[in-house]
Structures are given as structure tokens and as C-alpha cells.
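Student: Here is what each chain is made of, one letter per residue.
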Amino acid sequence: DAGVTQSPTHLIKTRGQQVTLRCSPISGHKSVSWYQQVLGQGPQFIFQYYEKEERGRGNFPDRFSARQFPNYSSELNVNALLLGDSALYLCASSLTGTGWDTGELFFGEGSRLTVL
Amino acid sequence: AQSVTQLDSQVPVFEEAPVELRCNYSSSVSVYLFWYVQYPNQGLQLLLKYLSGSTLVKGINGFEAEFNKSQTSFHLRKPSVHISDTAEYFCAVSYSGGYQKVTFGTGTKLQVIP
Numbered sequence: 001d002a003g004v005t006q007s008p009t010h011l012i013k014t015r016g017q018q019v020t021l022r023c024s025p026i027s028g029h030k031s032v033s034w035y036q037q038v039l040g041q042g043p044q045f046i047f048q049y050y051e052k053e054e055r056g057r058g059n060f061p062d063r064f065s066a067r068q069f070p071n072y073s074s075e076l077n078v079n080a081l082l083l084g085d086s087a088l089y090l091c092a093s094s095l096t097g098t099g100w101d102t103g104e105l106f107f108g109e110g111s112r113l114t115v116l
Numbered sequence: 001a002q003s004v005t006q007l008d009s010q011v012p013v014f015e016e017a018p019v020e021l022r023c024n025y026s027s028s029v030s031v032y033l034f035w036y037v038q039y040p041n042q043g044l045q046l047l048l049k050y051l052s053g054s055t056l057v058k059g060i061n062g063f064e065a066e067f068n069k070s071q072t073s074f075h076l077r078k079p080s081v082h083i084s085d086t087a088e089y090f091c092a093v094s095y096s097g098g099y100q101k102v103t104f105g106t107g108t109k110l111q112v113i114p
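Same order as they appear, the protein sequences are chains C and Z.
Heads up: the first sequence begins at 1 in our numbering, then just goes up one per residue.
Heads up: the second sequence begins at 1 in our numbering, then just goes up one per residue.
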């Protein structure tokens with residue numbers, strides 16, 4: 001079975017540009033979360049979506065936005081890119097949007113964004 | 001607020017030796033605790049999780065962790081490491097209830113020396 005897939009795997013942008021990252025969850029999973037992992041640090045929570053609605057938002061500026069589609073795939077958008085946005089962006093899917101008994105997060109391999 | 005402290009940024013250990021990766025957390029409410037592993041150029045994979053019940057949790061690849069509420073610790077152990085265990089390990093915490101926000105530590109790089 002296919003795991004969580006993310007695209008693109010690598011991309012380079014310049015300051016001020018906008019970027020869209022895409023994520024397809026594991027089949028049957030209805031929740032998608034986004035994390036930012038800056039080099040040398042642990043991942044930081046950006047958003048969680050469940051059944052197309054935002055369930056949670058981390059401490060990120062409004063330049064970051066996301067949405068979830070009827071097929072449960074998701075996009076993360078970042079506007080007005082800054083050098084500090086350079087990071088690995090990880091998408092994770094889970095079967096349910098709450099709880100941990102059956103709510104394990106499955107991570108994709110990430111999209112590595114470099115801002116010049 | 002949730003926070004996770006991983007005291008060691010790097011841990012070198014010889015092959016077949018035991019290893020312990022340390023993790024301390026802070027939270028004012030009940031928490032769920034996790035250890036994830038990240039191999040180079042890959043996403044994160046769940047090693048084990050503590051939700052409730054027995055404080056000794058066994059995970060994949062021979063790893064185990066012990067939840068200690070009084071010391072707010074959740075250290076990861078393996079009695080005998082292999083070269084293939086070379087990776088970065090992240091301790092993480094989540095609130096009980098609510099949405100699935102996970103707070104990660106800064107990671108510990110385990111380097112297994114042949």
C-alpha cells in the first residue's frame with residue numbers, strides 16, 4: 001500500500017515568492033497534519049486538517065495557509081517567502097483526527113524548500 | 001505549555017553495546033509520549049508510544065522506553081545496537097484529548113561505531 005506521498009521533493013525559491021506543497025494521505029486516512037523541520041531542529045506543528053476543516057494551528061504567521069480537499073489530499077501554501085522558511089516540510093496522515101489509540105501519525109518523506 | 005528536552009544532541013556507541021537516549025518533558029496535564037526515528041533523507045517513523053497503563057513500553061526494532069511520571073522522563077533504551085540503528089531519534093509529547101498536535105524535541109543523533 002502506498003504511504004504518504006509529498007510533492008515536490010525539492011524546490012528552490014527566492015525571497016518574496018510563493019510556494020505550494022502537496023500531500024496525499026494514506027488511503028482511508030481522513031486527517032492531514034503539516035510540520036516544518038528546520039535543519040538541526042525537531043519538527044514544529046503548523047496545521048492539522050480533518051474532514052476538510054482546520055482542527056489546529058501552530059504558532060506560524062498568516063503567510064502560512066493550508067486546505068484539505070474532498071479526497072483528503074492537502075496543500076500547504078506559504079506566501080512572501082523569507083530566508084527563514086527554508087526547511088523540510090513534512091506531511092503526516094492519520095486515520096482519525098483525535099486521540100491516539102488508533103491515531104498514529106504516518107509521515108511522508110517531506111518537501112525540502114530552499115529560499116535564496 | 002508542552003515542551004520536550006533531549007539532553008544529548010549526539011550519542012556515539014559501539015556496535016552491540018547498550019544505549020540510552022534521554023528525554024524529559026514538561027506539561028501541566030496528562031500527556032501522551034512518543035519516540036520517532038528519522039533515517040537520512042526520510043520522514044519520521046514511530047518507534048513506540050505511551051498512552052496509559054504499563055510504564056514500560058516496547059517498540060519496533062528492539063527498542064523500549066520507560067515512562068517515569070515523578071521524574072517527567074521517557075528515556076529510550078536498546079540492549080544491543082546495530083549499525084542500522086544509526087539515525088536521529090526524536091522524543092515527542094501530545095496532550096490527552098483535543099487535536100493531534102505533537103511537540104517534538106530537538107533530536108538525538110545516534111552514531112553506531114563498528
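One thing to keep in mind: the hints can contain errors.
Computed list of lysine-lysine pairs in DSSO-like fashion (alpha-carbon distance at most 30 Å, straight line) [claimed, not checked]:
| id | chain 1 | residue 1 | chain 2 | residue 2 |
| --- | --- | --- | --- | --- |
| 1 | C | Lys-13 | Z | Lys-58 |
| 2 | C | Lys-52 | Z | Lys-69 |
| 3 | C | Lys-52 | C | Lys-13 |
| 4 | Z | Lys-69 | Z | Lys-109 |
| 5 | C | Lys-13 | Z | Lys-101 |
| 6 | Z | Lys-58 | C | Lys-30 |
From chain C, some residues computed to sit far from chain Z (all C-beta separations above 12 Å) [to be verified]:
| id | residue |
| --- | --- |
| 7 | Thr-9 |
| 8 | Gln-37 |
| 9 | Arg-55 |
| 10 | Leu-88 |
| 11 | Gly-108 |
| 12 | Arg-112 |
| 13 | Leu-113 |
No lab work stands behind these hints, which were simulated from the structure alone.
Every residue, glycine too, gets a C-beta built ideally from N, C-alpha and C.
Student: Against the earlier hints, flag every one the structure doesn't satisfy and list their numbers going up.
Tutor: 1, 2, 7, 8, 9, 10, 11, 12
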